[in-house]
Structure formats: structure tokens, C-alpha cells
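Peer 1: This is what each chain is made of:
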Amino acid sequence: MRVELNGVPTDVDTETVAGLVGGLTSAERGVAVAVNGEVVPRSQWHRALCTGDRVEVLTASQGG
Amino acid sequence: MALPPLVEPATELTVDEVRRYSRHLIIPDVAMDGQKRLKNARVLCVGAGGLGSPALMYLAAAGVGTLGIIDFDVVDESNLQRQIIHGQSDIGRPKAESAAASVREINPLVEVVIHNEVLTNDNVMDVFSGYDLIIDGTDNFATRYMVNDAAVLLGKPYVWGSIYRFDGQASVFWAEQGPCYRCLYPEPPPPGMVPSCAEGGVLGVLCASIGSIQVTEAIKLLTGTGEPLVGRLMVYDALEMSYRTVKVKKDPDCALCGENPTVTGLIDYDDFCGAVSEEASAAVQGSTITASELKEWLDAGKDIDLIDVREPAEYEIVRIPGSRLLPKGDIVSGAALSELPTDRQAVFYCKAGVRSAEALAAAKAAGLSNAVHVQGGVLAWINQVDPSLPTY
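Order-wise, the sequence lines are chains A and B.
Under this note's numbering, the first sequence is numbered contiguously, ending at residue 1268.
Under this note's numbering, the second sequence is numbered contiguously, ending at residue 717.
Calculated from the structure, these hints are not laboratory results.
No residue lacks a Cβ here, since even glycine has one placed at the ideal position from N, Cα and C.
It cannot be assumed that every hint is accurate.
Below are the DMTMM-like pairs computed for lysine to aspartate or glutamate, each with C-alpha atoms no more than 20 Å apart in a straight line [unchecked claim]:
| no. | chain 1 | residue 1 | chain 2 | residue 2 |
| --- | --- | --- | --- | --- |
| 1 | B | Lys572 | A | Glu1242 |
| 2 | B | Lys574 | A | Asp1257 |
| 3 | B | Lys689 | B | Glu641 |
| 4 | B | Lys574 | A | Asp1217 |
| 5 | B | Lys572 | A | Asp1257 |
| 6 | B | Lys574 | A | Asp1215 |
| 7 | B | Lys572 | A | Glu1260 |
| 8 | B | Lys627 | B | Glu641 |
| 9 | B | Lys575 | A | Glu1260 |
| 10 | B | Lys575 | A | Glu1242 |
| 11 | B | Lys572 | A | Asp1215 |
Computed Cβ-Cβ distance ranges for the label pairs, DEER-style [as the list claims (entries may be wrong)]:
| no. | chain 1 | residue 1 | chain 2 | residue 2 | range |
| --- | --- | --- | --- | --- | --- |
| 12 | A | Thr1263 | B | Val530 | 18 to 24 Å |
| 13 | A | Gly1223 | B | Arg490 | 24 to 30 Å |
| 14 | B | Val530 | A | Thr1218 | 54 to 60 Å |
Some chain A residues flagged as far from chain B (calculated, every beta-carbon gap over 10 Å) [what the hints assert, rightly or not]:
| no. | residue |
| --- | --- |
| 15 | Asp1215 |
| 16 | Asp1217 |
| 17 | Leu1228 |
| 18 | Ala1236 |
Work out the full structure: start from the sequences and follow the hints.
Peer 2: Have a look at this one:
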């Protein structure tokens, strides 16, 4: 399935937000994912992705 | 979604104040009413560093009546690349005092409250309770989660911002009106995964980009103007020069502000965020085993003393078979040093490996040179050895 990942068209071999994050990083902590402009709460990462979804993976930073 | 003003207006502005704030007063959306609200407002800035610098300076200039500054640190030369509230002659001076002096120079009409202390579980509720709004400009995850939790528990809004290299994020977290920080990031990244500004660097002027958003949101909330950044996350990329927002909803499963909260008071934030002391970092070098190695040791009948350094309630939930309980606090304080083994190798573990590292440091200092701790704690044991056990 092809989605737009952080602005770049990308083929992913998973159907869920959780699967996509798992393929990017070993650490799910400290990561937020927005699909089509809306953050998907961690408790709903099992939800399915659709072809063409705009996915943004955001990382928490601590600096101030 | 527009929100009502956070603060009631002051009775009147003086002639001096009318002159000083005239450029605000002629904006219809601020006007006399908004400026009187700013005069009556009490805002606390947590941290007088990168974000705190522009935040405090613009809040002062804007005429916020009372500005609290909490910071325990002193000004270092390496701060001056971005922390513009401090100057060359402030090096070595407490940041809270240096920042207060700048605020008074910008606007002597502002009342400054200096909190030259570390923000901890013991004082955070007390300090926050004296303010209408909090600005988070801290530099570590442990304090960020403490700020969030205290604000949610007190029902107060706070304006959050964070920076790293060329990237910044900002939002308004207010559990009564929208999501909290935990709805966005339920947990911090694993220790060491995301560098701090001290480790990874930060473009100095990024502080102004994000700090000015924080002040804008503060003024909007205090005066009830415009659309606040509640339920939206602002993401700034200085390299692309793009600002964009994504929606953030309240997570019904949020541990703090969700429907069935599991966090109902302040917690141990160093433990939650995996922050370890320098002593603990040094102690674990060459003295760390994996959960799988522990299993091999136990299976081989190795003569060890397996010590669980968590709290009794945690030991009740789940434990590694063959372990005994000796809470970290008693080891670190020295109260339980006599209960450490002298004839066998000590193996410490906790939930995730932070407290056991602290216990290991104390044990080594007490002469247990061959003691080790289990990386990842009981959670790693469950993950690697016995997935049938419950996690918590």
C-alpha cells in the first residue's frame, strides 16, 4: 500500500498505524502519529491505514 | 473554538500604563478590556532558558501583571547563544535572578516573583496554585511530565513548547477543554533515544520562533481572544520554513485525563522517564546483565542473591521467581546496607532498570564490587523470558 509518509510517497507492507511505526523505529514510546492531519491516540494504533493516507510521524523532544 | 478569558480585568489602567500599552489598546480585539486582563494576570514561566527567555521578555513587555520565574540553574556561557534574557555579565548568576532583572528593565510595572529553586513533586502544586497560566520551557522529559500532571490535577491550562535543532512544537494543554500532553505522548522516549539540546544542539533563534508562539497563546488565553491552540499541535520546521498544525483529540484511554485514569497523583518522574544519575550511569558500565542471562544463571544454579528494589505493591503485582524485596530507597539511604549479601553476588532488578542502577551504584559504593543489575528490569524478564506474567 502506498501512503504519504512525512511528505514522501512510500510503499508500506503493513495495514495499521502500529505496524507502520514498528517498521520505522524499535521504540514506540515518545512517538505520535497523525493521519490526514489528526493525531491517532496510542490506544487506537490498531486502526487500519488506507491507500493515499497522509501519515506524519512526530517525535517528542525535550529541549527548551 | 473560542474560549472565555482566563482572567478578570483590573479596575483601571494608570496614565503611564495607557501610554506604554497604546499599541495594544488600539487593537479592537485587545483594547482596554484585554489590557486590563493582562494587568490582572499571573503567569509562571517554568525555566528561564531558551524558551523562557523570549517568553518572559514578551510577557513582560505585554504588561502581564505578575510574572513568576522558576529556575534553579545559573547562567553559563554556552547559554548565551540562545537565552537572550541573560547577558555576558550574568554568567554565574542564578537564572531566575538574572531573568528578573531583565524583566524589570523591560517593564518596571511588572511584579516579578522569583522562585530560585528546583521544581519538584514537593513544591509543584503549591507553586502552580498561585498562577492563572503556566508556560513550560523546561529542558527534560521528567519535568515536562511533572508540569503536565500538576497542571491537569489543578485544572490549569499551560502553554507547552519544545525545541530541537531546527524543529519545534507547541500546543496548549488544558484537560478541561481538550487533550493533555499524555494524550499526545503517553510516555517519553526510552532513555538516551532522544538527545537533549545539550547533547544534540539547537538553533538559537528557534527559541524565539517557538517562545513567541507560546506568548501569543498565553495572551489569547488570558484575554479570551481568537482561536487558542487547544487540541492542535503546531509543528515548525525551520529548514523548510513551514508551520503546520495537526489536530490532537483527548485520548479516552489517557492514563491521566482519560475516562479511567490510572495516574491520580504525582508520580516518580525520574523513574517514569528513565533518568539516571551520573553515579548510576557509571555503576552499570560492565555490571549489567540481560534478563536472558539472568535466566541462564538461575537455570545453571548460580549462587546469587536476586534482589527486587521496587516497592512492595509492585512486588505484589509481578516478580522474578526467587527474588526478595529490598526497596531502592532503603539501599540508597543506607538503612538496608546491612541486608545486602556479603557471601554471594547481588543481582538487582526493578521495573525497567533505572532504580536498580541507583541501587547498584549505592551497593558498589558500599563495597559490593561484583554486584550487577538487570537491564530493562522485570519488564525485560517478562518480554524475554516469561510472557505469561502480567505487566503494569
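Peer 1: Find the hints from earlier in the document that the structure breaks and name them by number, from lowest to highest.
Peer 2: 3, 4, 6, 8, 11, 14, 18
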